[in-house]
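Participant: Here is how the chains run, residue by residue.
Number of protein chains: 2
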Amino acid sequence: MRTSIATVSLSGSLTEKLAAASRAGFDGVEIFENDLLASPLTPEEVSARCADLGLTIDLYQPMRDIEAVPADEFARNLRRARHKFELMRRLGADTVLVCSSVSPLAVDDDALAAEQLARLADLAQDFGVRVAYEALAWGRHVSTYDHAWRIVDTAGHPALGTCLDSFHILSRSTGPKDVEGIADIPGEKIFFLQLADAPLLAMDVLQWSRHYRCFPGQGGFDVAGLVRSVLRTGYDGPLSLEVFNDVFRQAEAGPTAVDARRSLLVLQETVGIAAPPASVAPTGVAFAELVTPDAEPLVAVLGALGFTRAARHRSKPVDLWQQGEARLLVNTGPAVRRDGTGLAAIGLESPDPTAAARRAEALLAPVLPRRRAPEDAPLDAVAAPDGTELFFCATDRPEHANWRTDFVATTGPGAGQPYASAARIDHVALTQPWHHFDEAALFHRSVLGLDAQESVDVADPYGLMRSRAVTNADGSVRIALTVAAAPTDDTVHAQHIALATDDVVAAARRFAAAGGRLLPIPANYYDDLAARFEFADGELATYRELGILYDRDAYGEFRHCYTPTIGKVFFELVQRDGGYRGYGAHNAPVRLAAQHAVRRLTGG
Amino acid sequence: MRTSIATVSLSGSLTEKLAAASRAGFDGVEIFENDLLASPLTPEEVSARCADLGLTIDLYQPMRDIEAVPADEFARNLRRARHKFELMRRLGADTVLVCSSVSPLAVDDDALAAEQLARLADLAQDFGVRVAYEALAWGRHVSTYDHAWRIVDTAGHPALGTCLDSFHILSRSTGPKDVEGIADIPGEKIFFLQLADAPLLAMDVLQWSRHYRCFPGQGGFDVAGLVRSVLRTGYDGPLSLEVFNDVFRQAEAGPTAVDARRSLLVLQETVGIAAPPASVAPTGVAFAELVTPDAEPLVAVLGALGFTRAARHRSKPVDLWQQGEARLLVNTGPAVRRDGTGLAAIGLESPDPTAAARRAEALLAPVLPRRRAPEDAPLDAVAAPDGTELFFCATDRPEHANWRTDFVATTGPGAGQPYASAARIDHVALTQPWHHFDEAALFHRSVLGLDAQESVDVADPYGLMRSRAVTNADGSVRIALTVAAAPTDDTVHAQHIALATDDVVAAARRFAAAGGRLLPIPANYYDDLAARFEFADGELATYRELGILYDRDAYGEFRHCYTPTIGKVFFELVQRDGGYRGYGAHNAPVRLAAQHAVRRLTGG
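Protein chains in written order, with UniProt numbering: chain A, 1 to 604; chain B, 1 to 604.
Fair warning: there could be bad hints in the mix.
Where chains are identical, the list cannot tell them apart; a pair therefore holds if satisfied intra-copy or between any two copies.
[Stated by the list, open to error] Below, a list of computed lysine to any residue pairs in the SDA-like style, where the Cα atoms sit at most 20 angstroms apart: (1) Lys568 with Asp294; (2) Lys177 with Arg232; (3) Lys177 with Phe533; (4) Lys316 with Asp339; (5) Lys316 with Gly579; (6) Lys568 with Asp386; (7) Lys177 with His596; (8) Lys177 with Thr233; (9) Lys189 with Arg232; (10) Lys177 with Arg600; (11) Lys189 with Gly234; (12) Lys568 with Gly340; (13) Lys568 with Ile273; (14) Lys177 with Ser229; (15) Lys189 with Thr233; (16) Lys568 with Gly387; (17) Lys316 with Glu296.
Source of the hints: derived by calculation from the structure; they are not laboratory data.
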């Protein structure tokens with residue numbers, strides 16, 4: 001019997017995965033779409049590579065949210081499918097996986113699902129493609145293999161069959177009887193069989209309890225609601241934390257204990273039995289501070305991004321680079337030279353820096369010594385869990401100490417130039433030490449008064465990452481906290497500074513004209529964009545030429561591109577339109593793979 | 001409101017945990033029993049340390065499987081409880097946590113539960129202790145807080161109250177209504193409140209699917225049963241693996257692909273559509289091979305363990321140390337000097353070494369080159385996923401190549417001495433690289449024909465470990481595979497060789513008389529043994545004097561003790577009586593903590 005493996009089961013770039021599958025003796029592969037999008041190889045080159053390696057492409061996957069939707073939505077889905085069928089012809093793949101819909105647009109109507117899947121199969125047939133329809137265990141209306149088969153059977157189309165996946169079937173199974181219905185499916189209508197096993201323990205409340213507990217405010221429970229209920233009974237014993245957590249078991253006890261106490265302080269504040277100094281949310285990013293042993297490469301990129309050197313610190317080797325409201329400090333002081341180029345500090349514009357610092361201290365944030373010359377402005381600062389220094393600033397507000405008075409304006413060329421490419425800092429992305437991700441979200445939320453957004457998983461070629469943004473109400477302060485799923489010494493997970501522009505195309509062109517080279521993005525990515533969205537004439541060609549990525553959410557659009565990485569830091573130019581709320585997470589796997597590819601080429 | 005934290009929430013030794021809790025500003029702690037057992041401090045010293053640190057001991061926990069059991073079992077439980085109440089008096093702890101029973105002996109009888117808990121509270125009261133009864137979410141008959149409260153209310157005893165735990169309540173909750181019943185409990189009957197949060201995702205089938213899939217044979221699904229069902233339909237497409245797994249995403253693609261193919265080969269064999277050479281289970285351990293740059297420390301321990309140098313390899317710097325059927329090779333060859341002292345190879349006694357090697361090769365085990373002199377016995381060998389070399393041997397069986405003919409008997413003092421302390425190798429414990437634990441279990445099962453037993457979690461002071469044994473049918477080959485829950489550079493997780501003795505006390509005394517020093521075990525451990533089991537007069541004192549650990553299962557008894565660690569390897573003397581099946585996992589946390597303590601003292 002022939003054997004296959006989905007590329008998503010293996011680590012690395014697409015070519016690494018194909019080579020590993022071939023060496024291990026597999027006959028074929030399932031190409032996982034994201035692996036293709038992130039690959040610099042054209043579909044024809046992927047096809048040829050597979051042939052060289054003795055691998056057939058047994059499946060292209062996945063196609064999602066196709067069936068049982070309103071007519072206009074289905075028309076869009078068919079358009080998207082046509083793009084993918086063309087791609088499959090180039091790849092030489094003859095079977096596509098269609099997962100049962102999880103879309104809120106899908107209706108519970110088997111007849112409609114069957115009719116639309118038959119129309120999809122009609123189109124597929126024109127391209128020599130077969131459609132294998134699979135029930136996801138968490139499908140919105142179709143979540144069991146027998147239900148998926150009934151729909152396929154109703155459709156009665158020769159190019160439509162079913163795909164069986166052992167995970168989706170057995171994860172819902174309560175006994176051997178549950179698979180008996182497979183006998184009722186004719187073998188020739190089973191177009192594909194995907195196999196995976198899984199530990200049974202992951203669904204067990206005991207395992208959940210022993211491995212995944214976390215401190216109040218770090219998970220999804222309404223712990224405060226429970227505590228309120230208990231307090232109303234007159235309970236006067238202690239609030240005690242009992243947390244079994246695999247990560248905490250490995251982390252140093254000292255910081256974990258502080259994190260734990262902070263969690264209880266915030267909990268007590270929430271239920272109204274403690275009143276630490278009130279939260280003072282920041283209103284903007286005053287500056288980001290970069291440290292570097294060698295300013296030249298950094299300064300070259302800053303110049304190409306439209307920054308000019310506006311001022312120099314009175315007593316320290318620190319330059320202020322500026323355009324619009326985007327301010328970057330470049331620090332070449334001796335104390336910071338050891339670790340290479342990186343992001344060391346963020347200045348947060350605060351309505352009341354002193355009050356913000358008081359709250360931070362009350363919530364056990366490590367207060368940093370004010371190492372400064374007597375004449376310098378007195379700035380309060382604390383250290384975030386990842387070591388980043390957070391300064392509470394007031395910029396050019398007479399009633400507060402002003403950090404800018406420590407800087408003397410330069411008279412060099414370009415000083416005082418107007419805004420060129422970027423108006424301000426859109427967000428700062430900080431890679432967190434593995435042991436401190438939950439702590440970091442709670443810290444930024446409670447100490448800084450920012451709101452934590454949902455965690456999202458981001459697939460890096462060499463491991464999964466989690467990302468969670470914390471923001472203030474109007475989005476003028478956004479910090480994206482990122483962590484690898486497990487410890488890794490891979491340094492590509494750099495910090496980055498995203499600069500807001502209102503015309504990313506113009507900014508990218510200026511960057512290129514100044515000799516900069518933006519991160520190259522694979523052509524496959526743009527083919528996928530063409531399938532997913534409609535663009536104005538020439539728009540996509542421009543993005544492809546410049547390496548601009550595109551995303552859209554319910555609120556608006558997002559266009560962004562990346563500079564090379566210098567040391568541990570890189571820059572992003574972002575254009576948000578119409579209130580887009582995200583950070584382009586959908587594009588992150590492609591960006592991460594592109595950064596890996598550059599590293600491999602340059603040995604960086 | 002006072003704040004507390006359970007010691008289990010923090011990493012490290014008990015004293016590290018207490019210091020961290022105090023520095024972070026907690027008012028008190030819950031002492032988790034295992035932390036106390038593993039501590040060298042007496043209960044009085046723990047009490048004094050807490051007082052010095054400004055911490056109260058708010059809870060001692062947990063007491064398990066107390067209530068709703070037959071009278072004779074309850075009498076034993078009361079005896080155990082009395083020991084713990086005495087301990088609590090020494091500690092100065094006045095509240096004990098009793099978790100709802102998970103014992104198969106417990107019956108579903110609230111009146112009996114209430115009556116027995118009241119009797120427990122009676123006894124507790126004599127010691128000035130209060131009993132806080134808590135419903136575990138996975139309790140056998142009592143799993144909700146309101147049920148636990150009804151039992152406490154029925155009992156109506158002043159020293160009996162309830163303990164509420166946010167995890168146990170909220171993990172079962174479907175909405176805010178579920179906590180409304182808390183209002184019905186009088187505050188003074190809530191003796192304790194434990195708080196933890198948890199991510200909601202761990203229970204979600206989508207998250208299960210995206211993070212925890214594994215290759216067939218590595219999890220708990222009946223994948224073979226499903227494949228049989230599919231094959232009966234006439235399906236003739238490929239068997240394709242689609243596995244989303246956080247660990248595989250980080251692991252190198254090459255070995256993962258081989259692991260994946262092996263999984264499918266075994267699956268095909270199981271369902272009867274492939275027939276690799278049949279499995280040839282080993283029938284014993286021929287030898288274990290240790291490599292070392294400096295044989296002196298190792299040889300000193302081996303001598304004290306009763307081994308004598310029996311032979312030397314004809315052409316290599318390898319000595320055979322032996323007693324009874326326990327054979328250890330000590331290799332000081334230049335190729336192996338770099339990594340320090342460790343376990344490099346296991347010789348498996350095989351009924352048919354050639355056939356065993358053929359199967360291993362068919363199942364993609366890396367075949368090792370037979371680097372040997374022309375006159376040496378031709379031995380087949382493969383590498384296990386952790387790099388350990390596995391030799392397929394026939395010892396002194398004329399029809400097969402005999403590894404012993406490569407060795408020349410020494411005439412030195414002690415050569416040919418009879419069995420002294422150990423009769424044979426009981427088991428070998430191998431620490432697995434983090435990325436290869438599931439692979440290792442499948443490898444040993446499929447390639448070597450061993451049976452994999454259940455995984456057990458073992459709490460090390462600095463992180464959780466998982467352990468899984470693979471054995472042959474009669475237990476003459478036992479390999480314990482161990483892995484840290486996440487990567488760590490902590491080298492205390494050494495490999496070890498357990499030697500079977502029929503009198504561990506005598507063997508331990510001989511070891512001490514020869515100048516050896518067994519791993520010292522904390523006195524608290526023996527106090528706990530006294531609470532859990534009844535011993536003959538003087539028996540426990542002997543164990544305490546020598547550092548012998550004790551365990552019991554449904555089949556028999558286990559007594560064991562440990563040598564110091566040399567490089568990355570240590571030895572264990574084990575006495576199995578009456579068919580005991582385990583490996584003393586219950587004692588592993590104490591052993592691991594004791595090894596950490598020794599390392600800290602010696603800086604090793």
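Participant: Could you run down the list of hints and mark each one as holding or not?
Facilitator: Hint by hint, here is what the structure shows:
{"no.": "1", "hint": "Lys568 with Asp294", "result": "within (13 angstroms within a copy, 43 angstroms between copies)"}
{"no.": "2", "hint": "Lys177 with Arg232", "result": "between (49 angstroms within a copy, 15 angstroms between copies)"}
{"no.": "3", "hint": "Lys177 with Phe533", "result": "neither (44 angstroms within a copy, 44 angstroms between copies)"}
{"no.": "4", "hint": "Lys316 with Asp339", "result": "within (19 angstroms within a copy, 47 angstroms between copies)"}
{"no.": "5", "hint": "Lys316 with Gly579", "result": "neither (40 angstroms within a copy, 74 angstroms between copies)"}
{"no.": "6", "hint": "Lys568 with Asp386", "result": "within (14 angstroms within a copy, 33 angstroms between copies)"}
{"no.": "7", "hint": "Lys177 with His596", "result": "neither (47 angstroms within a copy, 50 angstroms between copies)"}
{"no.": "8", "hint": "Lys177 with Thr233", "result": "between (48 angstroms within a copy, 16 angstroms between copies)"}
{"no.": "9", "hint": "Lys189 with Arg232", "result": "between (61 angstroms within a copy, 13 angstroms between copies)"}
{"no.": "10", "hint": "Lys177 with Arg600", "result": "neither (51 angstroms within a copy, 56 angstroms between copies)"}
{"no.": "11", "hint": "Lys189 with Gly234", "result": "between (65 angstroms within a copy, 9 angstroms between copies)"}
{"no.": "12", "hint": "Lys568 with Gly340", "result": "within (7 angstroms within a copy, 35 angstroms between copies)"}
{"no.": "13", "hint": "Lys568 with Ile273", "result": "neither (43 angstroms within a copy, 52 angstroms between copies)"}
{"no.": "14", "hint": "Lys177 with Ser229", "result": "between (44 angstroms within a copy, 11 angstroms between copies)"}
{"no.": "15", "hint": "Lys189 with Thr233", "result": "between (62 angstroms within a copy, 9 angstroms between copies)"}
{"no.": "16", "hint": "Lys568 with Gly387", "result": "within (14 angstroms within a copy, 34 angstroms between copies)"}
{"no.": "17", "hint": "Lys316 with Glu296", "result": "within (18 angstroms within a copy, 58 angstroms between copies)"}
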